[in-house]
Amino acid sequence: MNFKLKVWRQKDARNKGGLVEIEAKGVSADMSFLEMLDGVNEELIQKGSEPIAFDHDCREGICGTCSLVINGIPHGPERGTAACQLHMRKFKDGDTIVIEPWRARAFPVVKDLVVDRSAFDRIIQAGGFVSVNTGSAPEANAIPIGKESAERAMDAAACIGCGACVAACKNASAMLFVAAKVSHLAELPQGQVERGARVKKMVAQMDREGFGNCTNQYECEAVCPKEISVGVIAKMNREYRQS
Amino acid sequence: MKLDAKIPAGPLAEKWERRRLELKLVNPANKRKFEILVVGSGLAGASAAASLGELGYRVKCFCFQDSARRAHSIAAQGGINAAKNYQNDGDSVERLFHDTLKGGDFRSREANVYRLAQVSNAIIDQCAAQGVPFAREYGGALANRSFGGAQVSRTFYARGQTGQQLLLGAYQALSRQIALGSVKLFTRSEMLDLVVADGRASGIVVRDLVSGKITSHAADAVVLATGGYSSVFYLSTNAMGCNVTAIWRAHKKGALFANPCFTQIHPTCIPVTGDHQSKLTLMSESLRNDGRIWAPKKKGDGRKPSGIPESERDYYLERKYPGFGNLAPRDIASRSAKEVCDEGRGVGAGGRGVYLDFSDAVKRLGQDSIRERYGNLFDMYEKITGENPYQAPMRIYPAAHYAMGGLWVDYNLMSNLAGLFVIGEANFSDHGANRLGASALMQGLADGYFILPYTIGDYLARNGKGQAAGHPEFRKSESAVSSRVQKLLAANGRRTADSFHRELGHLLWEHCGMARNRAGLEKALERIPALRAEFWQNLKVTGSGEDLNPALERAGRVADFMEFAELLCRDAQARAESCGGHFREEFQTPDGEALRDDKNFSHVAAWEYKGESVDPELHKESLTFENVSLEQRSYK
Chain A
0 MNFKLKVWRQ
10 KDARNKGGLV
20 EIEAKGVSAD
30 MSFLEMLDGV
40 NEELIQKGSE
50 PIAFDHDCRE
60 GICGTCSLVI
70 NGIPHGPERG
80 TAACQLHMRK
90 FKDGDTIVIE
100 PWRARAFPVV
110 KDLVVDRSAF
120 DRIIQAGGFV
130 SVNTGSAPEA
140 NAIPIGKESA
150 ERAMDAAACI
160 GCGACVAACK
170 NASAMLFVAA
180 KVSHLAELPQ
190 GQVERGARVK
200 KMVAQMDREG
210 FGNCTNQYEC
220 EAVCPKEISV
230 GVIAKMNREY
240 RQS
Chain B
0 MKLDAKIPAG
10 PLAEKWERRR
20 LELKLVNPAN
30 KRKFEILVVG
40 SGLAGASAAA
50 SLGELGYRVK
60 CFCFQDSARR
70 AHSIAAQGGI
80 NAAKNYQNDG
90 DSVERLFHDT
100 LKGGDFRSRE
110 ANVYRLAQVS
120 NAIIDQCAAQ
130 GVPFAREYGG
140 ALANRSFGGA
150 QVSRTFYARG
160 QTGQQLLLGA
170 YQALSRQIAL
180 GSVKLFTRSE
190 MLDLVVADGR
200 ASGIVVRDLV
210 SGKITSHAAD
220 AVVLATGGYS
230 SVFYLSTNAM
240 GCNVTAIWRA
250 HKKGALFANP
260 CFTQIHPTCI
270 PVTGDHQSKL
280 TLMSESLRND
290 GRIWAPKKKG
300 DGRKPSGIPE
310 SERDYYLERK
320 YPGFGNLAPR
330 DIASRSAKEV
340 CDEGRGVGAG
350 GRGVYLDFSD
360 AVKRLGQDSI
370 RERYGNLFDM
380 YEKITGENPY
390 QAPMRIYPAA
400 HYAMGGLWVD
410 YNLMSNLAGL
420 FVIGEANFSD
430 HGANRLGASA
440 LMQGLADGYF
450 ILPYTIGDYL
460 ARNGKGQAAG
470 HPEFRKSESA
480 VSSRVQKLLA
490 ANGRRTADSF
500 HRELGHLLWE
510 HCGMARNRAG
520 LEKALERIPA
530 LRAEFWQNLK
540 VTGSGEDLNP
550 ALERAGRVAD
560 FMEFAELLCR
570 DAQARAESCG
580 GHFREEFQTP
590 DGEALRDDKN
600 FSHVAAWEYK
610 GESVDPELHK
620 ESLTFENVSL
630 EQRSYK
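Protein sequence lines, in the order shown, are assigned to chains A and B. Residues in the first sequence are numbered from 0 upward in steps of one, following numbering that gives the first Met the number 0. Residues in the second sequence are numbered from 0 upward in steps of one, following numbering that gives the first Met the number 0.
A few of these clues could be false.
Below, computed lysine-lysine pairings styled on DSSO-like, alpha-carbon distance capped at 27 Å [claimed, not checked]:
id	chain 1	residue 1	chain 2	residue 2
1	B	LYS486	A	LYS46
2	B	LYS382	A	LYS24
3	A	LYS199	B	LYS539
4	B	LYS212	A	LYS10
5	B	LYS252	B	LYS83
6	B	LYS298	A	LYS146
7	A	LYS3	B	LYS252
8	A	LYS89	B	LYS59
9	A	LYS3	B	LYS382
10	B	LYS59	A	LYS200
11	B	LYS362	A	LYS146
Some chain A residues flagged as far from chain B (calculated, every beta-carbon gap over 12 Å) [said to hold, decoys possible]:
id	residue
12	LYS10
13	GLU20
14	CYS62
15	THR95
16	GLU99
17	ARG116
18	PRO137
19	GLY160
20	ASN212
21	GLU220
22	TYR239
Cβ pair distances, simulated, as ranges [claimed, not checked]:
id	chain 1	residue 1	chain 2	residue 2	range
23	A	GLU226	B	GLU509	17 to 25 Å
24	A	GLY25	B	SER628	40 to 48 Å
25	B	LYS609	A	ILE142	51 to 59 Å
26	A	ILE142	B	LYS464	54 to 62 Å
What the hints contain is simulated information worked out from the structure, not anything from laboratory work. Every residue gets a Cβ at the ideal spot worked out from N, C-alpha and C, and that includes glycine.
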């Protein structure tokens, strides 16, 4: 298969970027999207050009590193799938594919398709944890947790922190990310003590980082590679009101 | 050099307790005077950095990823072992110890493995308290499942994302310490050298991957938690960024590298489809709880799996190992798959694959139960292969996965270099020649939460403050790192780092993979130096050293793999026996099992770097077994 790529190239945060046309030739349908880019990069290096910088690591859809907007959709056209697990068999030979970075004020571009998502880390640092020092834990089975409750906590905890929710939102809101962590910990008995303080601190940090507000567009849920439900946002709003 | 493992005296069950009493303490007010560097933010690194921060030390933590949460521990799927015996099925610390030691084919230290089993239960308590959403029974108690090499159910799990959930627990604990100011985190920062001043590990040199700036950090102790080196095989289940660089650089500064040839090839991965492939995807070993592995009895049987009648299928693990069946340990399951394919009975493209079949389990439990247990893994399989595993059996083949070998450490997890501690997969300590499933998470967290925080205090109490950043060794290391970066950029050949890595990986997989022999290893040892020479002559790296440059990062890591690969083969050549994941074809029993040579090889092989183009020197730490009798491993 052959493709015409339009790739966002940007030297760094200070310089302006733009879309550059690059050919991807001899692509196999079994390749992942990132392997297709690997091939393009190999050719670029051979030709003496700089390879396209893009973030990636595990290539199993779990580390949350890859962050490409493909044809206008964060992580591309396949539902519930991170870009690293998207395969070229989902495209048609001869397609034009536009590849851009996450776009949000709180995620400045570092280079080409790489953005700075440290705002997410600072939101977790603000309160996305249970304050328990090593060694001071009770026997694990001493606190029973109902199966349904554990499953709900796990549904929310499945978030991989990739930031697609922010990239998809017209307000660049981080509500799905923050709410997933708030919901996960509020669901469990271990998270009760700090429940009120946690949601207040995390929301305050989210606002400080420059993320927008939620206007119920649900674009975040549509692109989430872990298919986290917007129900967690409703839960966070309840948590916030009660706190 | 005499290797002293510093194993405490006394009965096995009391050794750790004794050691903890012997260890000197640092009083709370003095802890904040000590600075500790932790390199890596996976399970071992994050748990160590968080715990040390809680104790009051000043900690700096470094990772090459953009966030500490993305370390490769996140990809561990199946679970974490602990000797809780919640299932009332006869488990105990003693049994977990015995299973782990036997699983490792008696090539690990009794005392280390026993301690690992002892602290395993506290890990589950700690993680549950952090809010890790482990799987539960309807009554609210923790659920368990079985893993290879054990006949009890002792594996705790969070769907197929156990590594992710445990890592997020540790990452959250770390984040709390960052907010409290006790830990400072450096992301997109790669350690490129260890600074050794007056015989003591005194700091590291890092390159900021965004600005390209090279700086050094001085400290009173350095902890390496930089993971394993399976990416040396190019195709592996490891993340793209996994590398040997940090431990290799430390090795070149004097740290001994132990048992590099103990590499684990995981039996259940999605087979290779073509040359374009950049990595292989693991299908959790937990699938072997309900999936049955088979291959056609007939060579070159081109029929669809559904068209092959029961009588013409060979459920070879059940046939050869009726006692453990599909839950035979990884090394044995991998080798058996290779044998079947070597006989021409493999399935799928290129005949390198066997079936993992869930049809019996679906009949027995229903599709919904299977979906609940393994849904995410089945989905992942379908995404990658385009085939629906609920309808047709999965095709699997072994792939490089885990490194049991690593830097040599004593019982206190300190290397032979004073002040250099090594934890998690980066050290060699607890898994011998083969790691059992669900034991990597256990070891990483045991080291980080419950062992290192005690032992590092003893070192600091006895040795006091380290060298300041003004020591000339810092400038020397920085300029060595700079000139190496310049050398990589200056190479103006025709081949990319990736193409060299691919060739190296192919060579290793061929001659130092699942099965090894003398002739093959000799060939590899001849070709690796030639390939390395070509690398430095014919490498092409574009871009500059002053900004984010993935081609440069890659080239630096491949350059280290080029050196390390030789040590890997040399160790495999020196170990003229078969044990665990190290299978030398010359040494096997009549029925094709690994044949150990306890008389000559019951030791840890620890290699000392002697300089470029000088042979490394082998030091042996002999392993003594006082509590178990060495047996031929049998899973029949």
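What hints, given by number in increasing order, does this structure fail?
-> 3, 5, 6, 7, 8, 12, 14, 17, 18, 19, 23, 24, 26
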